[in-house]
Amino acid sequence: MSIAESVLTETRQFISGNMAVAQAARDAQVKVAAAYPGTPSTEILEYIAEFPDIYSEWSINEKVSLEVTIGASMAGSRALCAMKHVGMNVASDAFMTQTLIGAVGGLVIVVADDVGLSSSQNEQDSRYWGRFAHLPVLEPSDAQEAYDYTRAAFSISEQYEVPVIVRLTTRICHVKGVVINSPAESHETSGFVKDPARLVMVPGNAKNRIPMMMARDIELKHFSEESYLNTLEQGEDKSVGFVTSGAAYYHVKEAFPNAPVLKLGFSHPAPIEKIRDFSQSVEKLVVIEEVEPLLETELRAANVEVYGKDIVPRIGELSPPVIQPVVNKLLDKTGQYDNIIPAQDIFPRPPTMCVACPHLGIYYCLSHIKNTIIAGDIGCYTLGAGHPWNALDTCISMGASLSVAQGIDKGRSEADKNKNVLAVIGDSTFLHMGMQGLLDITYNKGNVTILLLDNRAVGMTGGQNAPSSGINLQGEETTQVDFRKLCEALGVKPERIHEVNPYEMPTLFKALRSEVKIKEPSVIITNQPCVLTERYSKLPPLKVEDDKCTGCGNCLDVGCPAITVTRRETVVKPNGKEKELAFVQIDTAACTGCDLCTKPCAPDAIVPAYNSAQGNAQIIDAVEVK
Amino acid sequence: MKTDVTNIMVCGIGGQGVMTAADILATTALDLGYDVKKTEVAGMAQRGGVVTSHVRFGEKVFSPSIAPGEADLILAFEPAEALRWSTHMRQEGMIMVNSYAQLPPVVSIGLFDYPDDPFKQLEDKGLNAHQFDAGHAAIELGDRRLVNSIMLGAIADHLPFPAETLEHHLLARFSAKGEKIVDMNRKAFSLGRNAFS
Ligand SMILES: Cc1ncc(C[n+]2csc(CCOP(=O)(O)OP(=O)(O)O)c2C)c(N)n1
Ligand code: SF4
Ligand code: SF4
Ligand code: SF4
Numbered sequence: 052m053s054i055a056e057s058v059l060t061e062t063r064q065f066i067s068g069n070m071a072v073a074q075a076a077r078d079a080q081v082k083v084a085a086a087y088p089g090t091p092s093t094e095i096l097e098y099i100a101e102f103p104d105i106y107s108e109w110s111i112n113e114k115v116s117l118e119v120t121i122g123a124s125m126a127g128s129r130a131l132c133a134m135k136h137v138g139m140n141v142a143s144d145a146f147m148t149q150t151l152i153g154a155v156g157g158l159v160i161v162v163a164d165d166v167g168l169s170s171s172q173n174e175q176d177s178r179y180w181g182r183f184a185h186l187p188v189l190e191p192s193d194a195q196e197a198y199d200y201t202r203a204a205f206s207i208s209e210q211y212e213v214p215v216i217v218r219l220t221t222r223i224c225h226v227k228g229v230v231i232n233s234p235a236e237s238h239e240t241s242g243f244v245k246d247p248a249r250l251v252m253v254p255g256n257a258k259n260r261i262p263m264m265m266a267r268d269i270e271l272k273h274f275s276e277e278s279y280l281n282t283l284e285q286g287e288d289k290s291v292g293f294v295t296s297g298a299a300y301y302h303v304k305e306a307f308p309n310a311p312v313l314k315l316g317f318s319h320p321a322p323i324e325k326i327r328d329f330s331q332s333v334e335k336l337v338v339i340e341e342v343e344p345l346l347e348t349e350l351r352a353a354n355v356e357v358y359g360k361d362i363v364p365r366i367g368e369l370s371p372p373v374i375q376p377v378v379n380k381l382l383d384k385t386g387q388y389d390n391i392i393p394a395q396d397i398f399p400r401p402p403t404m405c406v407a408c409p410h411l412g413i414y415y416c417l418s419h420i421k422n423t424i425i426a427g428d429i430g431c432y433t434l435g436a437g438h439p440w441n442a443l444d445t446c447i448s449m450g451a452s453l454s455v456a457q458g459i460d461k462g463r464s465e466a467d468k469n470k471n472v473l474a475v476i477g478d479s480t481f482l483h484m485g486m487q488g489l490l491d492i493t494y495n496k497g498n499v500t501i502l503l504l505d506n507r508a509v510g511m512t513g514g515q516n517a518p519s520s521g522i523n524l525q526g527e528e529t530t531q532v533d534f535r536k537l538c539e540a541l542g543v544k545p546e547r548i549h550e551v552n553p554y555e556m557p558t559l560f561k562a563l564r565s566e567v568k569i570k571e572p573s574v575i576i577t578n579q580p581c582v583l584t585e586r587y588s589k590l591p592p593l594k595v596e597d598d599k600c601t602g603c604g605n606c607l608d609v610g611c612p613a614i615t616v617t618r619r620e621t622v623v624k625p626n627g628k629e630k631e632l633a634f635v636q637i638d639t640a641a642c643t644g645c646d647l648c649t650k651p652c653a654p655d656a657i658v659p660a661y662n663s664a665q666g667n668a669q670i671i672d673a674v675e676v677k
Numbered sequence: 002m003k004t005d006v007t008n009i010m011v012c013g014i015g016g017q018g019v020m021t022a023a024d025i026l027a028t029t030a031l032d033l034g035y036d037v038k039k040t041e042v043a044g045m046a047q048r049g050g051v052v053t054s055h056v057r058f059g060e061k062v063f064s065p066s067i068a069p070g071e072a073d074l075i076l077a078f079e080p081a082e083a084l085r086w087s088t089h090m091r092q093e094g095m096i097m098v099n100s101y102a103q104l105p106p107v108v109s110i111g112l113f114d115y116p117d118d119p120f121k122q123l124e125d126k127g128l129n130a131h132q133f134d135a136g137h138a139a140i141e142l143g144d145r146r147l148v149n150s151i152m153l154g155a156i157a158d159h160l161p162f163p164a165e166t167l168e169h170h171l172l173a174r175f176s177a178k179g180e181k182i183v184d185m186n187r188k189a190f191s192l193g194r195n196a197f198s
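Residue numbers (this note's numbering), protein chains in the order written: chain A, 52 to 677; chain B, 2 to 198.
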């Protein structure tokens, strides 16, 4: 037996916070788990899907996923719903009323905040939802606690008949640590019990539930004051004490190892009296919370004197080098992070679309059509707003492209009289929240040309399946949505719906040019798969013949990352004007032969990398990328 | 300030195996009984973004992130990335660089410049820097993805644990993929190791 096996076992593992949540769901005997993908929470459901005893699904959107788990809880079973922070905005309609019903079977909502916006359209502090909806919020600080707190959340949920929010951040979701599992428990269910006064939220019933909610607030407050989840860690140096939660706790421990710390695992309702007592044992009390000054405000309102966002930055992720100097300043002290050198200023590496991505052809076409206003949406295709295409004019929230385009069309001024209004949306986003916008356009006689980029997957979050794939979370075959029929049903005329292969740019151009001229809604549906999925098949790679390449740079407008510039030259044309030339090469090891870049290459300099006799055998070629 | 926690940072770009390399280092440290934390912030990794992974191990690890100036070792899969993250180095630490440069489109098309001789800039900062072309070596061995095994080999004799334990964990990761893949990775690891032992 190797040492590794002796150290790591089935119940003692090195796993991420997301995996820990999944395992906690398994060990808590969760029966139903549902989610819509979103960074940084996506993997929770992917891991849960591996446990055969849990019914798990990719739901159509976050509201649906929450409602599915609400139903499971009403049926008496334990249920878990996971989403990224913006998902809560979508789910909030159900959420804000569910609080009046409360949980029957344990109901846990895991919300993951993207602090610092590594991959989101905004930043939100999901702890607000606990305040807004009168629900408890648990905040794990690492993977072990992600496991323990998710387990605890189910008991609290059933004990107080309340849905519980487990608030994660990227630094919990994607950080691995040692996690020890506790024994699985058994969960008895009484089944669905008819109880209209509780389950049917009409005004008369809902009104009567409000006193219950207020009473529950008080009980939860007592729980918080006494809970083992809120722990005081003594420290020798009482010149400063900290109240903190989540990932920030470890940053505080790192930066001030000798300071007393009150760690809030059950952060809402906050144990105000416990904190008040604690404040009396230290000279200064600092609240370290990510992101908004929530606890700080509540403490001030309760007359507890604290420092918070008046000294700690409100913007960006916290870390020991962020926290230590600002607190030291308060104490007139110095520390090891005082002279931190910022990361060196080097070119950025913005995300690119994948080599041969089916969206490339679309954006090449869009960037060559004049007089457009293009409303965008959220997905890989949002990258079309950037270089080299610059072909998206708006991006807000999932599904907004269609409704925003409708508004731009209806709100256009004289100056935009001749502009063509387009909307670009992906398959998953269309099904998430875009269909309603399309119906709005047709119902209200709008004039928008819609590009529905069906790549049969949720590309942005890693190529997950969706109803457009015809494959479910478990990888089983299931019904596949028929976008043509769907658009027709939503009121688009059959002759205004075109299905095109996005690698066939001339056809695409033609469809686009003719449809923008027609003053009614039309939909152009593309039909080639995301290259990350199994559906995609590679073709033999291409290369550039140096002696034929004129350096025109046209192929660079495709935006395929396999094409790189080898050399630049400035030449003077006969008319005296200067012209920049860019000679290129293709990384044959990366190229999958989609053929898009040959279309704009007038001298036919882009040719197969290997003649067919050589086949694909030597795909690994020494290409110097610099 | 040297604490009893060892900080290793692995940096590079999406698709180079940064996460895997960090994972292997982390499992090796775990195997030897340390407390370990490893950040896994991939962001837009699969689409050519910057990837860094922090591995921290010791008696007890608090924060998962390595602060600037505190990395004992940086394993850089790309020279400009080495330079970008060199501010995280402890002055007496070591930085191992794959000299095979990879230019993003924004550089390739001329919107930004690639830094002049990043390795020399590291040396000019007085850092204990080493480089070699793991990129080409991997291509010669037959697969670009071998870069991370080569790079792990290169630092294998500069870690607070035996090179053999690291190799064991590296190969264990590939054991399910068949003897041929294991062999290629073993070769890659030795190649890196011989270059810097
Ligand atoms: C409300 C909300 N939920 C989830 C996400 C995460 N997310 C971003 S884009 C996207 C879907 C992308 O899929 P699709 O529209 O098919 O486009 P693709 O990326 O495949 O091109 C998801 C789930 C989000 N940004 N907002
Ligand atoms: S993940 Fe799929 S949709 Fe996204 S850029 Fe890559 S190929 Fe395109
Ligand atoms: S054929 Fe051209 S566009 Fe397509 S993958 Fe190869 S280099 Fe990229
Ligand atoms: S389009 Fe053709 S000629 Fe122009 S730069 Fe590309 S390969 Fe060279």
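Source of the hints: derived by calculation from the structure; they are not laboratory data. Heads up, a few of these hints could be off.
Just a few of them, taken from the derived set where beta-carbon distance is under 7 Å, the chain A residues facing chain B [claimed, not checked]:
id, residue
1, V251
2, G255
3, H302
4, Q395
5, R400
6, R618
7, E620
Values in this document were obtained by computation on a predicted structure and should not be read as measured data. Where is the CB? At the ideal position from N, CA and C, for every residue including glycine.
Now for the hints, and whether the structure bears them out:
no., hint, verdict
1, V251, "violated, 44 Å"
2, G255, "violated, 49 Å"
3, H302, "holds, 5 Å"
4, Q395, "holds, 5 Å"
5, R400, "holds, 5 Å"
6, R618, "violated, 11 Å"
7, E620, "violated, 12 Å"
Going through the hint list in order, the structure does not satisfy hints 1, 2, 6, 7.
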